[in-house]
Amino acid sequence: MRALTEAEVRASFVNADADEMRVMEMPHDFMLIDWDYLDFFSWRDPSAGRRGYILVQHDGGVAGIVLRSTDPGRARSGMCNICHTMQPGNQVSLFAARRTGDAGARGDSVGTYICADLSCHENVRLAHPLAPNEVRAAGQVDFRLDGTRRRMEAFAARVWSAS
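Residue numbers (the working numbering): 1 to 163.
There may be inaccurate statements among the hints.
Beta-carbon label-pair distances, calculated as ranges [stated by the list, open to error]:
{"no.": "1", "residue 1": "W35", "residue 2": "D59", "range": "28 to 36 Å"}
{"no.": "2", "residue 1": "S77", "residue 2": "G147", "range": "17 to 25 Å"}
{"no.": "3", "residue 1": "F143", "residue 2": "A48", "range": "12 to 20 Å"}
{"no.": "4", "residue 1": "G49", "residue 2": "P88", "range": "14 to 22 Å"}
{"no.": "5", "residue 1": "D59", "residue 2": "D102", "range": "17 to 25 Å"}
{"no.": "6", "residue 1": "M26", "residue 2": "E153", "range": "20 to 28 Å"}
{"no.": "7", "residue 1": "D17", "residue 2": "P88", "range": "29 to 37 Å"}
Quick caveat, the hints were computed from the structure, so don't treat them as lab data.
For each residue, glycine too, the CB sits at the ideal point set by N, CA and C.
The task is simple: from the sequences and hints, build the whole structure.
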């Protein structure tokens with residue numbers, strides 16, 4: 001992703017109203033973000049525990065989406081639908097985003113299970129431990145990165161798709 005200013009980030013949101021933009025807080029380390037390293041950017045609002053944000057590349061620009069989460073599960077393990085990482089149940093949450101346009105005005109939303117701390121971008125870069133007789137295949141991490149990016153972009157496309 002290209003580097004963004006706070007004003008560009010705030011202007012990029014496609015499913016947010018004026019009140020949501022007014023109370024949105026940027027991550028504490030916003031000025032330190034290495035944008036060249038990111039395929040998408042996501043963070044939890046430091047002042048509102050159930051609100052999160054994602055920024056994805058779209059049509060040569062960046063589109064932002066406001067997310068709302070449920071409480072994470074407690075008992076079972078779960079898999080993030082974005083990074084495909086299995087995690088304890090309390091580390092995966094259902095996130096929903098209001099759709100854009102008329103559908104969003106009617107209250108329509110889309111949702112998926114995502115890492116509760118929105119750390120998919122980092123989780124997919126962590127190498128899984130290998131068994132003693134395993135060898136890591138060339139390109140395995142790249143394959144996971146591409147899949148994570150594609151799944152996040154597909155989720156975002158569902159937010160702004162017409163209907």
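task = Sort out which numbered hints this structure fails and list those numbers smallest first.
result = 1 and 3
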